[in-house]
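Letter by letter, the chains look like this.
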Amino acid sequence: MSEPAKRKLRVATTSLAGCFGCHMSFLDIDEHLFELIELIEFDRSPLTDIKEVGECDLGIIEGGLCNAENVHILREFRARCRKLVAIGACAVNGGLPAQRNHLKLTEILEEVYHTSPGIAQGLIPNDPELPLPLNKVHPLHEVVKIDWFIPGCPPSGEAIWKALTDIVAGRDPQLGFGLLRYD
Amino acid sequence: MHEAGRDVASALPPILARWRQDPTALVQILRETQEALDWIPPEAIEFIRRGLGLPHSKIEGVAGFYSFFHTRPRGRYRVLFADNIVERLQGSAALMERLCRSLWVEPGKVSEDGLLSVDTTSCIGMGDQGPALLVNNLAVPRLTEARIDELCELIRGEVPLAEWPAGLFAVEDNIRRRDVLLDSQPAPGDVLRAAQARARWGGALPNPLIEELRTARLRGRGGAGFPTALKWASCRGAPLAAGKSRIVVCNADEGEPGTFKDRVLLTTQADLVFDGMTVAAHALGATRGFLYLRGEYRYLLDALQATLARRRAAGLLGRGILGVAGADFDIEIHLGAGAYVCGEESALIESLEGKRGTPRNRPPFPVTHGYLDQPTVVDNVETFACAALIALNGGGWFAGLGSAESSGTKLLSVSGDVERPGVYEFPFGVSVDEVLAAAGARNAQAVQVGGPSGTCIGAAEFGRRIAFEDIPSAGAFMVFDASRDMFEVARNFTHFFAHESCGFCTPCRVGTSLLKNLMDKLANGHGSPYDFVEIEKMNHILQQMSHCGLGHSACNPVLDTIARFRPAYERRLSNPSFEPAFDLDRALAPARQMTGRDDAGAHLAIHGEATK
Amino acid sequence: MSPTFTLDGKEVPFREGQTIIQAAHAAGQWIPHLCYHPEFKPHGSCKLCTVTVNGRHMASCTTQAAAGQVVESDTEALNGERRTLLQMLFVEGNHFCPSCEKSGDCKLQATAYDLGMMTPHFDHFYPCRPVDASHPEILLDFNRCILCSLCVRASRDVDGKSVFALSGRGIGTKLVVNAASGRLADTDVAMDDKAIAVCPVGVILKKRRGFAVPIGERTYDKAPISATEE
Numbered sequence: 003m004s005e006p007a008k009r010k011l012r013v014a015t016t017s018l019a020g021c022f023g024c025h026m027s028f029l030d031i032d033e034h035l036f037e038l039i040e041l042i043e044f045d046r047s048p049l050t051d052i053k054e055v056g057e058c059d060l061g062i063i064e065g066g067l068c069n070a071e072n073v074h075i076l077r078e079f080r081a082r083c084r085k086l087v088a089i090g091a092c093a094v095n096g097g098l099p100a101q102r103n104h105l106k107l108t109e110i111l112e113e114v115y116h117t118s119p120g121i122a123q124g125l126i127p128n129d130p131e132l133p134l135p136l137n138k139v140h141p142l143h144e145v146v147k148i149d150w151f152i153p154g155c156p157p158s159g160e161a162i163w164k165a166l167t168d169i170v171a172g173r174d175p176q177l178g179f180g181l182l183r184y185d
Numbered sequence: 006m007h008e009a010g011r012d013v014a015s016a017l018p019p020i021l022a023r024w025r026q027d028p029t030a031l032v033q034i035l036r037e038t039q040e041a042l043d044w045i046p047p048e049a050i051e052f053i054r055r056g057l058g059l060p061h062s063k064i065e066g067v068a069g070f071y072s073f074f075h076t077r078p079r080g081r082y083r084v085l086f087a088d089n090i091v092e093r094l095q096g097s098a099a100l101m102e103r104l105c106r107s108l109w110v111e112p113g114k115v116s117e118d119g120l121l122s123v124d125t126t127s128c129i130g131m132g133d134q135g136p137a138l139l140v141n142n143l144a145v146p147r148l149t150e151a152r153i154d155e156l157c158e159l160i161r162g163e164v165p166l167a168e169w170p171a172g173l174f175a176v177e178d179n180i181r182r183r184d185v186l187l188d189s190q191p192a193p194g195d196v197l198r199a200a201q202a203r204a205r206w207g208g209a210l211p212n213p214l215i216e217e218l219r220t221a222r223l224r225g226r227g228g229a230g231f232p233t234a235l236k237w238a239s240c241r242g243a244p245l246a247a248g249k250s251r252i253v254v255c256n257a258d259e260g261e262p263g264t265f266k267d268r269v270l271l272t273t274q275a276d277l278v279f280d281g282m283t284v285a286a287h288a289l290g291a292t293r294g295f296l297y298l299r300g301e302y303r304y305l306l307d308a309l310q311a312t313l314a315r316r317r318a319a320g321l322l323g324r325g326i327l328g329v330a331g332a333d334f335d336i337e338i339h340l341g342a343g344a345y346v347c348g349e350e351s352a353l354i355e356s357l358e359g360k361r362g363t364p365r366n367r368p369p370f371p372v373t374h375g376y377l378d379q380p381t382v383v384d385n386v387e388t389f390a391c392a393a394l395i396a397l398n399g400g401g402w403f404a405g406l407g408s409a410e411s412s413g414t415k416l417l418s419v420s421g422d423v424e425r426p427g428v429y430e431f432p433f434g435v436s437v438d439e440v441l442a443a444a445g446a447r448n449a450q451a452v453q454v455g456g457p458s459g460t461c462i463g464a465a466e467f468g469r470r471i472a473f474e475d476i477p478s479a480g481a482f483m484v485f486d487a488s489r490d491m492f493e494v495a496r497n498f499t500h501f502f503a504h505e506s507c508g509f510c511t512p513c514r515v516g517t518s519l520l521k522n523l524m525d526k527l528a529n530g531h532g533s534p535y536d537f538v539e540i541e542k543m544n545h546i547l548q549q550m551s552h553c554g555l556g557h558s559a560c561n562p563v564l565d566t567i568a569r570f571r572p573a574y575e576r577r578l579s580n581p582s583f584e585p586a587f588d589l590d591r592a593l594a595p596a597r598q599m600t601g602r603d604d605a606g607a608h609l610a611i612h613g614e615a616t617k
Numbered sequence: 174m175s176p177t178f179t180l181d182g183k184e185v186p187f188r189e190g191q192t193i194i195q196a197a198h199a200a201g202q203w204i205p206h207l208c209y210h211p212e213f214k215p216h217g218s219c220k221l222c223t224v225t226v227n228g229r230h231m232a233s234c235t236t237q238a239a240a241g242q243v244v245e246s247d248t249e250a251l252n253g254e255r256r257t258l259l260q261m262l263f264v265e266g267n268h269f270c271p272s273c274e275k276s277g278d279c280k281l282q283a284t285a286y287d288l289g290m291m292t293p294h295f296d297h298f299y300p301c302r303p304v305d306a307s308h309p310e311i312l313l314d315f316n317r318c319i320l321c322s323l324c325v326r327a328s329r330d331v332d333g334k335s336v337f338a339l340s341g342r343g344i345g346t347k348l349v350v351n352a353a354s355g356r357l358a359d360t361d362v363a364m365d366d367k368a369i370a371v372c373p374v375g376v377i378l379k380k381r382r383g384f385a386v387p388i389g390e391r392t393y394d395k396a397p398i399s400a401t402e403e
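Protein chains in written order, with my numbering: chain E, 3 to 185; chain V, 6 to 617; chain C, 174 to 403.
Read the hints as simulated data drawn from the structure, not as lab findings.
Treat the hints with care, since some could be wrong.
[Claimed, not checked] Partner residues are not named here, just some residues of chain V that face chain C (Cβ under 7 Å, in silico):
1) Pro60
2) His61
3) Glu65
4) Gly69
5) Ser506
6) Gly508
7) Cys510
8) Thr511
9) Val515
10) Leu519
11) Ile546
[Claimed, not checked] In the BS3-like style, the derived pairs of lysine-lysine whose C-alpha atoms are separated by at most 27 Å in a straight line are:
12) V/Lys360 x C/Lys214
13) V/Lys542 x E/Lys85
14) C/Lys379 x C/Lys367
By construction, the Cβ of each residue, glycine as well, lies at the ideal position given by its N, Cα and C atoms.
Taking the hints into account, I'd like the entire structure generated from these sequences.
Below, the structure is given as structure tokens:
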């Protein structure tokens, strides 16, 4: 019995309110990239520079939600991707950006643009091209349904590889001792 | 600050003296301080710290636990509207708004001039004559717009509470049906003489008085229905260390929303209740008794103290009761301060000891290690009244009343959509239908029996009976007619439990808030089937993992209404895909305000674009 | 011959007066826990150590061992419930592990690793809990407090000081210190207090000691907590 040639999983990735560290860590899977490229193909991703998300099997999202644009992209990913993975501390619990959550947004803007000396000449930028910040930073699962999570700041290449191979094999990703890390 | 310091210097010494500088009276000392000064200023905490020799952290811990204690100024007039669902359905929110608008104060905040604060509180036991409020812990029932306007005038005129028209504070008994308990008016001393004729004071087991309770098959009226004879016998049989006493505690922390029958018992049958406590002391050889009265019933305190004084003068309390040598027993009244969880007996004991009202780990149980580690019986107000009647008339007489497994009668606090709300005393075994008919309920769709931690039943089950073998009840009987939204009823109850969770254990502390948030999410139109799964998960965790009955029963109203009124939930799960709990567009409002933007890009659609 | 109960099918001997968790740990069988500490009176608040005893959920730190009990602990269902409790603790406070100097030595984190918690799952509360940096040697970061009250018990029962106490109620429960000013600097806390050493998470921290141990060599880097603790 011969196996039918498996269709490659189509995968999109993006970084929202993150630092691209998770994407960098993704590249740390090193030689596994050769194996991976046999199993998946990339849609929208910083790796491809495709700007629009197409119909995908998997969306991998780094970073939480700190502004309106983040929400738009997340919703687009949710609409086009069959499964979504939140990758990294910021996507999972808001991470570093969420540490502003105990402060009022109005006070933050006040402090940054009005009180402290800066480049904006005391004006809060209001160009319609700029996305407006949300009053609080949210992790992804608070706004759309997220199917899987890979925590870590960033998760190691090894952890990412393990999670991806689980997903490709049709399993819920499991990270055992040493791979499951929040820092 | 100087003024507060002066007030503390004059107000605190008599309070500490009255409570004998006793650290176990900390809750009472804080309560009287709050009454005297309108709040508990840092100077008062410092004074109490030095007077009682307690760490500052402990005093702050206790003061921070009880809703009625304020370590920041809350105004000279502190108005708290009862947030009981029945009163909410009667329009309490609109009345609160009227008062707030009239007096220029925001709910939850102190007015700018520091004169008053307005907020909500849990049910205050006035469900039969609501909407009601507390002003400085004194109940003002039967609120109307006119009454609110009258209050506004009094507050605006800064009239001292003592000069307010007495009619404002008049609480009606609303007794609608009497049976043996509400009908009995034994002459002073009759009950204790009957007890004395049956047994020797503090006699060893088997104690004939306790045997009468056994014959009577008396079960606790607080809801759980534990056999009273077994509880008393366990306490009587518990070893007593030298210098220790057995303790009798009457649980009058009637905090279950929708119940008020203990209020009526303590108003009309206080002697019978104290008789019952003294019968317990007789059976146990106890020397010390406490009535733990919920803070919301502060207005009953003076009358109850007067009753105790009268009993002491009549030789029914104090040393040598009825002239019997060694028959020494007295009763102190402790008030709660706005913490429902103190109705749980071990939390109540903690509160009596001057601590945060956190339920204890059990075993050991209070019957062996209760108040200050002494063998302690804690019973409901109504249970003690029953015990008094049993001492008087015998267990056989009592056993002949009621149903097979539930002897005697039950006081029901009937409120909600009925013509005649009030207290109904029925023999156990009465059907829900019979109660509804007696109270003049029309078109009832549901009855919350026993309050939020009890059972919610629909019309198909109105043939069921109030009895331990069918629907047990601590007494609340809240009626909802067909116009009422049972989801909103359950949602109100989840708010209640989140507010009243003591915070000790993880599942209840966090779970009650998560459950409340989920119900709010549905109410705000953000519900999806996904949230329903979450609600069921939360119910499971609360039931299985919580430390005490509060957490175990916190999900009952949700489970019951899901089982019986599912469409009320399904209507609210209409979003096909997951929705955030908050309004994303509103989350941009502060940024819009700061930038002055209102273009399309400055908004987010409520629902996601192109959902798959 | 000491009496026994079974834990996940294995016989566990116990002495009179021992709790289930004490007997289990003495026999080398791990039961997850946070507020339990062998040196202090059992508290029973975190509920992580919940097991089933003859089918009923009980906190194993406050339940006395008894002969013939059938105790289950390491089951899919119980571990799932424990994960939910951990998730509750994570969303209740502000737990940002990457910037926490207790990371790698934190029992909350290590227990969550051990139980495979991949996400905090619930919506975060993001409470506002200002830190107390008043003391020259000790930092209090209340954002990470799980209200286990180990420091409260240690200070009261071992140090005889009551430097720490719980105040507030319900979801507003909070740790306070023993000073009218509310500042740790104004208490009689000392560096060698038991209360300073007992915090399972990153609330009570000695200043200028953070990140001294490199990643890979911290307490729970080398082996999971279930294999590390007594």
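Going through the hints against the structure:
no., hint, verdict
1, Pro60, "holds, 4 Å"
2, His61, "holds, 5 Å"
3, Glu65, "holds, 5 Å"
4, Gly69, "holds, 3 Å"
5, Ser506, "holds, 4 Å"
6, Gly508, "holds, 3 Å"
7, Cys510, "holds, 5 Å"
8, Thr511, "holds, 5 Å"
9, Val515, "holds, 4 Å"
10, Leu519, "holds, 6 Å"
11, Ile546, "holds, 6 Å"
12, V/Lys360 x C/Lys214, "holds, 18 Å"
13, V/Lys542 x E/Lys85, "holds, 23 Å"
14, C/Lys379 x C/Lys367, "holds, 13 Å"
When held up to the earlier numbered hints, the structure conflicts with none and fits them all.
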